[in-house]
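Novice: Chains as they are written, first to last, in my numbering: chain A, 628 to 738; chain B, 5 to 118.
Treat the hints with care, as some may be off.
Label-pair ranges, simulated between beta-carbon atoms [as the list claims (entries may be wrong)]: (1) A:P635 - B:G12: 27 to 37 angstroms; (2) B:H14 - A:G630: 44 to 54 angstroms; (3) A:M646 - B:L22: 39 to 49 angstroms; (4) B:P83 - A:G690: 37 to 47 angstroms; (5) A:T713 - B:S7: 24 to 34 angstroms; (6) A:G667 - B:L22: 19 to 29 angstroms; (7) A:P710 - B:A21: 22 to 32 angstroms; (8) B:S32 - A:N689: 18 to 28 angstroms; (9) A:T642 - B:E68: 38 to 48 angstroms; (10) A:S711 - B:S84: 40 to 50 angstroms; (11) A:A679 - B:G20: 47 to 57 angstroms; (12) B:A21 - A:S645: 26 to 36 angstroms; (13) B:S32 - A:M668: 21 to 31 angstroms; (14) B:M113 - A:F637: 32 to 42 angstroms.
Don't read these hints as lab results, they were simulated from the structure. Nothing here was measured: the structure is a model prediction, and the numbers come from that model. Using N, Cα and C, we set each Cβ at its ideal position, and we do this for glycine too.
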Amino acid sequence: NAGVTQTPKFQVLKTGQSMTLQCAQDMNHEYMSWYRQDPGMGLRLIHYSVGAGITDQGEVPNGYNVSRSTTEDFPLRLLSAAPSQTSVYFCASTSLNTEAFFGQGTRLTVV
Amino acid sequence: AQSVTQLGSHVSVSEGALVLLRCNYSSSVPPYLFWYVQYPNQGLQLLLKYTTGATLVKGINGFEAEFKKSETSFHLTKPSAHMSDAAEYFCAVRADSGYSTLTFGKGTMLLVSP
């Protein structure tokens, strides 16, 4: 079982570029979410999904888009990267009565 | 709405000493509570969780935590620290067993000295 897989692990973008962070899970979990981790801020929720075709905003959604076409995949899109989006991004999945399982993270730098 | 407060962004202990990491939460409904550990450049790994039932929960690596409803606390303890325990620890709360969101504290870095 791979669990939650995030790609890429590292990425450097120039301001204004776009990119997609990939997240896939093989546990058939209904609920998936994206967090960003910044020093001294803990993990803050960006977007989440309770199932295919259903997404909603979290605490810090501005500048990010998501979609959920399948149960397995939950990509996070940055349409026009800004230096403020430099962070470590974590994808997580969970199901009823289970804890959240996290990917290994994507370290993004926007210059 | 729910929130988590972790007291102390850094905690330093000597190897063999007691580890105590503090977590207080607020939740309008009975909470599910979690402690996660993050080693450098790694993802988050579950240490332990409280859902219902016994208020003292044991986790991996000798850690345990006690849910105290009257104090709205879920402090993490370990009787004897090891060098390998040095990491960042996050307390998190979820409203229930459903799909409500997980809210994290800001984390506590545990430093262990020889």
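Novice: None of the hints should be skipped; say for each whether it holds.
Specialist: Here's how the hints hold up against the structure:
1. A:P635 - B:G12: 27 to 37 angstroms: 34 angstroms, holds
2. B:H14 - A:G630: 44 to 54 angstroms: 30 angstroms, violated
3. A:M646 - B:L22: 39 to 49 angstroms: Between M646 of chain A and L22 of chain B, where Cβ atoms are some 45 angstroms apart, the hint holds.
4. B:P83 - A:G690: 37 to 47 angstroms: Holds - the Cβ-Cβ distance for P83 of chain B and G690 of chain A, about 45 angstroms, lies within 37 to 47 angstroms.
5. A:T713 - B:S7: 24 to 34 angstroms: 26 angstroms, holds
6. A:G667 - B:L22: 19 to 29 angstroms: 25 angstroms, holds
7. A:P710 - B:A21: 22 to 32 angstroms: 41 angstroms, violated
8. B:S32 - A:N689: 18 to 28 angstroms: Between S32 of chain B and N689 of chain A, where Cβ atoms are some 26 angstroms apart, the hint holds.
9. A:T642 - B:E68: 38 to 48 angstroms: 47 angstroms, holds
10. A:S711 - B:S84: 40 to 50 angstroms: Cβ of S711 of chain A to Cβ of S84 of chain B: about 42 angstroms, so the range 40 to 50 angstroms holds.
11. A:A679 - B:G20: 47 to 57 angstroms: 50 angstroms, holds
12. B:A21 - A:S645: 26 to 36 angstroms: 49 angstroms, violated
13. B:S32 - A:M668: 21 to 31 angstroms: 23 angstroms, holds
14. B:M113 - A:F637: 32 to 42 angstroms: 23 angstroms, violated
This entry does not satisfy hints 2, 7, 12 and 14, going by the numbered hints stated previously.
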